[in-house]
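K.L.:
Okay, here's what each chain looks like letter by letter:
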Amino acid sequence: MSGATPSTARRAVRAVGLVLLLALLLAVPALLDSAYWLDLAVMVLVWAALASAWNISAGYAGGLSLGHAAFFGVGAYTAVLLFNELGVSPWLGMLVGAVLAGLLGALLGVITFRLKGPFFVLATLAFGFVVHILAVNWRGLTRGAAGLTLPFDGGPQNMLFADLSTYWYVGLGLVALVLGVSLWIERSRLGYYLVALREDEDAARSLGVRVVGCKVIAAAISAALTAVAGTFYATFIQYIDPASTTQFELSVQIALVAIVGGMGTALGPLLGAVIVIPLGEVLRASLGGGPALAVYGLLLVVIVLTAPNGLIAGLRRVGRRVGVATGVVR
Amino acid sequence: MPLDLTLQILTSGLLLGGLYALLAVGLTLIFGVLRVVNFAHAEFMMLGMFGAYWLWALWGIDPYLSIFIVVPGVFLLGVLTDRLVIQRSIGAPEVTVVFATLGVSIFLQNAALTAWSADIRSVTTPYGSAVVELGSVRISVPMLVSFVVALAFATGLWLFLNRTMFGKAIQAVAQNRDAAALMGIDVGRVYLVTYSVAVAAAGAMGVLIAPLFSVYPRVGLSYIVTVFVIVVLGGLGSVVGAVIAALLVGVIESVVGFLLGTAWAELAYFLVFLAVLVVRPQGLLGRRGAEVYQ
Numbered sequence: 001m002s003g004a005t006p007s008t009a010r011r012a013v014r015a016v017g018l019v020l021l022l023a024l025l026l027a028v029p030a031l032l033d034s035a036y037w038l039d040l041a042v043m044v045l046v047w048a049a050l051a052s053a054w055n056i057s058a059g060y061a062g063g064l065s066l067g068h069a070a071f072f073g074v075g076a077y078t079a080v081l082l083f084n085e086l087g088v089s090p091w092l093g094m095l096v097g098a099v100l101a102g103l104l105g106a107l108l109g110v111i112t113f114r115l116k117g118p119f120f121v122l123a124t125l126a127f128g129f130v131v132h133i134l135a136v137n138w139r140g141l142t143r144g145a146a147g148l149t150l151p152f153d154g155g156p157q158n159m160l161f162a163d164l165s166t167y168w169y170v171g172l173g174l175v176a177l178v179l180g181v182s183l184w185i186e187r188s189r190l191g192y193y194l195v196a197l198r199e200d201e202d203a204a205r206s207l208g209v210r211v212v213g214c215k216v217i218a219a220a221i222s223a224a225l226t227a228v229a230g231t232f233y234a235t236f237i238q239y240i241d242p243a244s245t246t247q248f249e250l251s252v253q254i255a256l257v258a259i260v261g262g263m264g265t266a267l268g269p270l271l272g273a274v275i276v277i278p279l280g281e282v283l284r285a286s287l288g289g290g291p292a293l294a295v296y297g298l299l300l301v302v303i304v305l306t307a308p309n310g311l312i313a314g315l316r317r318v319g320r321r322v323g324v325a326t327g328v329v330r
Numbered sequence: 001m002p003l004d005l006t007l008q009i010l011t012s013g014l015l016l017g018g019l020y021a022l023l024a025v026g027l028t029l030i031f032g033v034l035r036v037v038n039f040a041h042a043e044f045m046m047l048g049m050f051g052a053y054w055l056w057a058l059w060g061i062d063p064y065l066s067i068f069i070v071v072p073g074v075f076l077l078g079v080l081t082d083r084l085v086i087q088r089s090i091g092a093p094e095v096t097v098v099f100a101t102l103g104v105s106i107f108l109q110n111a112a113l114t115a116w117s118a119d120i121r122s123v124t125t126p127y128g129s130a131v132v133e134l135g136s137v138r139i140s141v142p143m144l145v146s147f148v149v150a151l152a153f154a155t156g157l158w159l160f161l162n163r164t165m166f167g168k169a170i171q172a173v174a175q176n177r178d179a180a181a182l183m184g185i186d187v188g189r190v191y192l193v194t195y196s197v198a199v200a201a202a203g204a205m206g207v208l209i210a211p212l213f214s215v216y217p218r219v220g221l222s223y224i225v226t227v228f229v230i231v232v233l234g235g236l237g238s239v240v241g242a243v244i245a246a247l248l249v250g251v252i253e254s255v256v257g258f259l260l261g262t263a264w265a266e267l268a269y270f271l272v273f274l275a276v277l278v279v280r281p282q283g284l285l286g287r288r289g290a291e292v293y294q
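Each protein sequence line maps, in turn, to chains P and B. Residue numbers for the first sequence, in this note's numbering: 1 to 330. Residue numbers for the second sequence, in this note's numbering: 1 to 294.
In isolation and in its complexed conformation, chain B is listed as follows (with noise of 0.2 Å):
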């Protein structure tokens, strides 16, 4: 293969990683604080995506203006479905934590569905194909705006995490519900917070890819299974791990995708993930231990 065409198809890889990272991120906290799989995870990434491609056909918003409204509004859905759904699920029986969330993507599937019908729907904007030349590869603007800002995003969480009480409350929360709520941290508080926030950065990618890719109800289905490598694959509540994972996936899916055509390499990372939850189910770089589930 040439050296050119390696360098475009490599890029390329990492671009659709970072966008894989925002959805990851989130995926991968809400599991680690709340020790729940968010099946609905990517269904607020459809919702960004309708919220973006409304105000655009109805008012003529730009995208990168109405993320200012549509992510607040994707995070006070978060914050109802937590109040409503998810924290009347913790500590409930296993087939309540796994069902919930599913019976959730189901209903916001269909209620989009119903709402809007199966339309593919676009929006066009004036940089949706702009493109900038690094030497002899081609980037696309929209891909790298989303690039950056996913990789903006995990970074502030990191910090987050790290540098504020408040983050180490929720790592507090992960790392022991029980005795963190002994130390008078709001449990209930911590998980609104999280899920929330973690759903804000679905729908902000939502937005964020309306330039790029047509919305339909059935969006979120393609990227939730992917999703679900990655974050297993970097230690499901491991947010480095998941944001290393998706740049690998990303450029896995690129490269097999360029050889052997994307329904092989859809194969191919499945048959990776069974190998790497067989052999490895903590993850490339999760914390030995965390597979086990309480």
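Chain P extracted, bound-state conformation (with noise of 0.2 Å):
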């Protein structure tokens, strides 16, 4: 992965991982026959997408958001009361969802442009528990700490689904999407500013670089993103409320997935759902929920304290061991 240019033997073993990798995520549902197992493989797809959006604005832009949840939560209420208030397809909803977190995104960002460190956290943090405070006392609309259903016979057209292996389907896609707008940014012009910007916010500016409009843009993209999950996370559970879509908790886990799993590239925030979440729920399954996320604490700490690049540093550094070894690269 570094400036080397690679060889066709290197060239040639990526698209067999790739063909292979991509038969086996087809193949998930036929291998996970039990119901929990594919429950939790979707729910790691719905985290993969949260921390690749989240990435988004705090890998890229360097703006580490503790108020994700909020559009998350925004994503989850519009399609579900759309639906079930006018009888809107989820599907419709999930595009609403989005431009309206978007441009909550867009506001929140022309807003805290200007703060650094501490002072971003902080004002994001104050955002989120704004949104969570007015889902948990908006009773008249979203029927407060109750929550909301959705009926369970609204079919593929309403984004609900009869077979789990239509949500683990939907849910790569989901992934994809995220994927591809973060690989996207990667390689395009706003991708290199929003880095030059994390990097030193003065010198982009002093080279020309709209910091505020870039800030905007990519917290805008990072809202809309999460707030999809969230709309794809309500048809999936059916049943939303302020305390699994809204909650500071929720905000938190999102930073963290992206964190173990290396913030600022595209790969490692999906590495840290894939690790994170299942590890998550063993530990829940085995232990309790206490000392689950006491482990996810501990993880965190020992994570940005020993490698702030998360995991994928340094399965990177292991890949090309190997590949040295095996003489694919030199």
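Everything labelled a hint here was simulated from the structure, so no lab data went into it. Do not rely on the hints blindly, as some may be mistaken.
[To be verified] Partial selection, computed: residues in chain B whose CB lies under 7 Å from chain P: (1) Ala263; (2) Glu266; (3) Ala268.
[Said to hold, decoys possible] Okay, derived cross-link-like pairs now, SDA-like style, lysine to any residue, Cα gap no bigger than 25 Å in a straight line: (4) Lys116/P / Ala106/P; (5) Lys116/P / Leu267/B; (6) Lys168/B / Ala181/B; (7) Lys116/P / Arg280/B; (8) Lys116/P / Val240/B; (9) Lys116/P / Ala268/B; (10) Lys168/B / Ser140/B; (11) Lys116/P / Arg35/B; (12) Lys116/P / Leu221/B; (13) Lys116/P / Asp178/B; (14) Lys116/P / Ala275/B; (15) Lys116/P / Ile90/B; (16) Lys116/P / Met183/B; (17) Lys116/P / Ala179/B; (18) Lys116/P / Ala172/B; (19) Lys116/P / Leu271/B; (20) Lys116/P / Pro93/B; (21) Lys116/P / Ala15/P; (22) Lys116/P / Gly213/P; (23) Lys116/P / Gly91/B; (24) Lys116/P / Arg88/B; (25) Lys116/P / Glu94/B; (26) Lys168/B / Val145/B; (27) Lys116/P / Asp33/P; (28) Lys116/P / Glu201/P; (29) Lys116/P / Gln175/B; (30) Lys116/P / Ala92/B; (31) Lys168/B / Leu144/B; (32) Lys116/P / Gln282/B; (33) Lys116/P / Val279/B; (34) Lys116/P / Gln87/B; (35) Lys116/P / Ser244/P; (36) Lys168/B / Arg83/B; (37) Lys116/P / Val272/B; (38) Lys116/P / Asn176/B; (39) Lys116/P / Val212/P; (40) Lys116/P / Leu151/B.
Every residue, glycine too, gets a C-beta built ideally from N, C-alpha and C.
From the two separate chains plus the hints, produce the assembled complex.
P.N.:
In structure tokens form, the structure reads like this:
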């Protein structure tokens, strides 16, 4: 993955690997024949999408947000309310939610672009709390802590599927969308601008980068994609309440997954979801919720202190060593 | 609103603000000196509450006595946290500085949940609901005690920072870490003392409010966010600002809470908080430029 020209052998290894990975992903519903594990696998996809979307504004643009649950909640509530109150299909509701969250993300971007470090973090945290308080207390709209349910017999035209494997494939599509946007940003002019302003805002500005515009666009894209994941989550679980969609802990976990995997890279957040979510579930099942979250806390501390670039950086080093040992990479 | 009621609400607000001040002063000091936002701050308060609870439940020790056992305990935990986590994150990338203390917070909360379950527990003391009457205003005795302790601590801290050599060393580190180190100040020791004293104050608050409020592992969350609002309002790093902002937020919470209900009071100060961050990020009393994060 370094700047060296990829050799033919390396390219071939990559292509074969990619095909195998794709085949494996498509075969997951057949391989995991228990509903429990397939359910967990779909949740891994939800978290992969969330962490990736967070990474667009936090990893590339450097705005460490602790308020992304707000956008997740907007996506979930918009689609569910539109469907329950007006009969609008969640496929359409998803788009409405994404636009709404995108606008909110842009607004938050506009009011926070000057803030740095902890001040930005605290502003996003406060924003998340505002949305959470509204979700809990605006009972006329959200029914507060009682939550909202989606009917079970909606059908595919309403993003409500009879079997888990369809959710898996739709979830794969969601992750592909977020990954695609991430890769596109990484390779686009916007991506370079974002990395430049993350590393040195003043230098980037002096070179003519429109700092505010770039930050606002990144925030809006990140928020919109987070909302899309929110809609998908809502149609998958078919029940939403503030505790599961807008709570502060959710914002923390989104960041945690991305950081553990490796922020600032397209694949890091996906790796984070694949490792953190099953780990959490296994710990929860064997030890209980308290110990599982205590391990999350410990994991977060250890990762940020010893490997702030996340597990993907370590994995790349190992991959390189294997490549050198087998002669694929010089 | 009748005068009696107004006075009562204002008094309750000021007393509540006093409680917040004890947390806010430590949090703002840690930020000013170490440039670290201590997300784990209220967890040390939670541990102080549990310390008071268990000493009372197991051996019947009154919180006003057990404070002399619990606070040194929390201080030592602060030393440990500083050595293991905080000092290692100084100078590291921003993500490390922000998320290391958040990780500590998640760990402590859930370690407490694992050890003591989510049960809501309370300490019952003979004076828990004692009240003194000042004219028509009724004042809770334990609230008054914690208010006095909070102000005494803030005053003592201010004197310590301004009248002692070590206090001045702390201020020097807050102004410029590298220059302070060149002047022969042991920066590591300054960090250690600052962090441990600040979290010990949070532990002390935990003990003091144990006779008043129930304790459970997630109790810190309801305080920490309010205290963030306070320290930003007061200007991150400013001890005097933190005290004034704490009293102000206590009064706002009390008044708006009475008029509109607690949920809307919370919403109100988050919006005020966002507005302050946008318009005047150095806070109402903070030094200009304090928001420039290095």
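K.L.:
Against each hint, give a clear statement of whether it holds in the structure.
P.N.:
We went through each hint and held it up to the structure:
1. Interface restraint check for Ala263/B: the shortest CB-CB distance to chain P comes to about 4 Å, inside 7 Å, so the restraint holds.
2. Hint on Glu266/B holds. Least Cβ distance to chain P is approximately 6 Å, under the 7 Å limit.
3. Taking 7 Å as the C-beta cut-off, the interface hint given for Ala268/B is violated, the closest approach to chain P being about 10 Å.
4. Between Lys116/P and Ala106/P the CA atoms are separated by roughly 17 Å; this keeps the pair inside 25 Å, and the hint holds.
5. With a C-alpha separation of about 24 Å, the suggested pairing of Lys116/P with Leu267/B holds against the 25 Å cut-off.
6. Simply put, Lys168/B and Ala181/B have alpha-carbon atoms about 13 Å apart, close enough for the 25 Å limit, and the pair holds.
7. As the CA atoms of Lys116/P and Arg280/B are separated by approximately 13 Å, the hinted pair is consistent with the 25 Å bound.
8. At roughly 24 Å between alpha-carbon atoms, Lys116/P and Val240/B fall within 25 Å of each other, so this suggested pair holds.
9. For the given pair, Lys116/P sits about 24 Å from Ala268/B by alpha-carbon distance, which is consistent with the 25 Å threshold.
10. The hinted pair formed by Lys168/B and Ser140/B fails the criterion: a straight-line CA distance of about 37 Å is larger than 25 Å.
11. The straight-line distance between the Cα atoms of Lys116/P and Arg35/B is roughly 12 Å, inside the 25 Å bound, and the hint therefore holds.
12. About 24 Å separates the Cα atoms of Lys116/P and Leu221/B, which keeps this hinted pair within 25 Å; it holds.
13. Among the hinted pairs, Lys116/P with Asp178/B is consistent with the structure: their alpha-carbon atoms are about 21 Å apart, no more than 25 Å.
14. The hinted pair formed by Lys116/P and Ala275/B meets the criterion: a straight-line CA distance of about 16 Å does not exceed 25 Å.
15. Note on Lys116/P and Ile90/B: the hinted pairing holds, with a Cα-Cα distance of about 17 Å set against a maximum of 25 Å.
16. For the given pair, Lys116/P sits about 29 Å from Met183/B by alpha-carbon distance, which is inconsistent with the 25 Å threshold.
17. Among the hinted pairs, Lys116/P with Ala179/B is consistent with the structure: their alpha-carbon atoms are about 23 Å apart, no more than 25 Å.
18. Distance restraint check for Lys116/P and Ala172/B: the Cα-Cα separation of roughly 23 Å lies within the 25 Å cut-off, and the hinted pair is therefore satisfied.
19. Between the alpha carbons of Lys116/P and Leu271/B the distance comes to roughly 19 Å, so the proposed pair stays at or under 25 Å and holds.
20. About 13 Å separates the Cα atoms of Lys116/P and Pro93/B, which keeps this hinted pair within 25 Å; it holds.
21. Restraint check for Lys116/P and Ala15/P: the C-alpha separation of about 41 Å exceeds 25 Å, so the hint is violated.
22. Among the hinted pairs, Lys116/P with Gly213/P is consistent with the structure: their alpha-carbon atoms are about 16 Å apart, no more than 25 Å.
23. Distance restraint check for Lys116/P and Gly91/B: the Cα-Cα separation of roughly 16 Å lies within the 25 Å cut-off, and the hinted pair is therefore satisfied.
24. Between Lys116/P and Arg88/B the alpha-carbon distance is near 21 Å, which keeps this suggested pair within the 25 Å criterion.
25. A threshold of 25 Å between alpha carbons decides the hint, and for Lys116/P with Glu94/B the separation of about 10 Å falls inside it, so the pair holds.
26. Distance check on the hinted pair: Lys168/B and Val145/B sit about 30 Å apart at the alpha-carbon level, beyond 25 Å; violated.
27. Between Lys116/P and Asp33/P, the direct Cα distance comes to roughly 48 Å. Violation of the 25 Å bound is thereby established for this hinted pair.
28. Proposed proximity of Lys116/P and Glu201/P is supported: the alpha carbons are some 10 Å apart, at most 25 Å.
29. Taking the CA atoms of Lys116/P and Gln175/B, the gap is about 18 Å. The hint holds against a cut of 25 Å.
30. The suggested pairing of Lys116/P with Ala92/B holds, with an alpha-carbon distance near 16 Å, which does not exceed 25 Å.
31. Restraint check for Lys168/B and Leu144/B: not satisfied, since their Cα atoms lie roughly 31 Å apart, outside the 25 Å limit.
32. As the CA atoms of Lys116/P and Gln282/B are separated by approximately 12 Å, the hinted pair is consistent with the 25 Å bound.
33. Between the alpha carbons of Lys116/P and Val279/B the distance comes to roughly 14 Å, so the proposed pair stays at or under 25 Å and holds.
34. This hinted pair checks out: Lys116/P and Gln87/B have alpha carbons roughly 21 Å apart, not beyond 25 Å.
35. Using a Cα cut-off of 25 Å, the hinted pair Lys116/P and Ser244/P is violated, with the two alpha carbons roughly 29 Å apart.
36. Distance hint between Lys168/B and Arg83/B is fulfilled; the C-alpha atoms sit about 22 Å from each other, no more than 25 Å.
37. Of the supplied pair hints, the one linking Lys116/P and Val272/B holds, its CA atoms being roughly 19 Å apart against a limit of 25 Å.
38. The hinted pair formed by Lys116/P and Asn176/B meets the criterion: a straight-line CA distance of about 19 Å does not exceed 25 Å.
39. Using a Cα cut-off of 25 Å, the hinted pair Lys116/P and Val212/P holds, with the two alpha carbons roughly 13 Å apart.
40. Distance check on the hinted pair: Lys116/P and Leu151/B sit about 32 Å apart at the alpha-carbon level, beyond 25 Å; violated.
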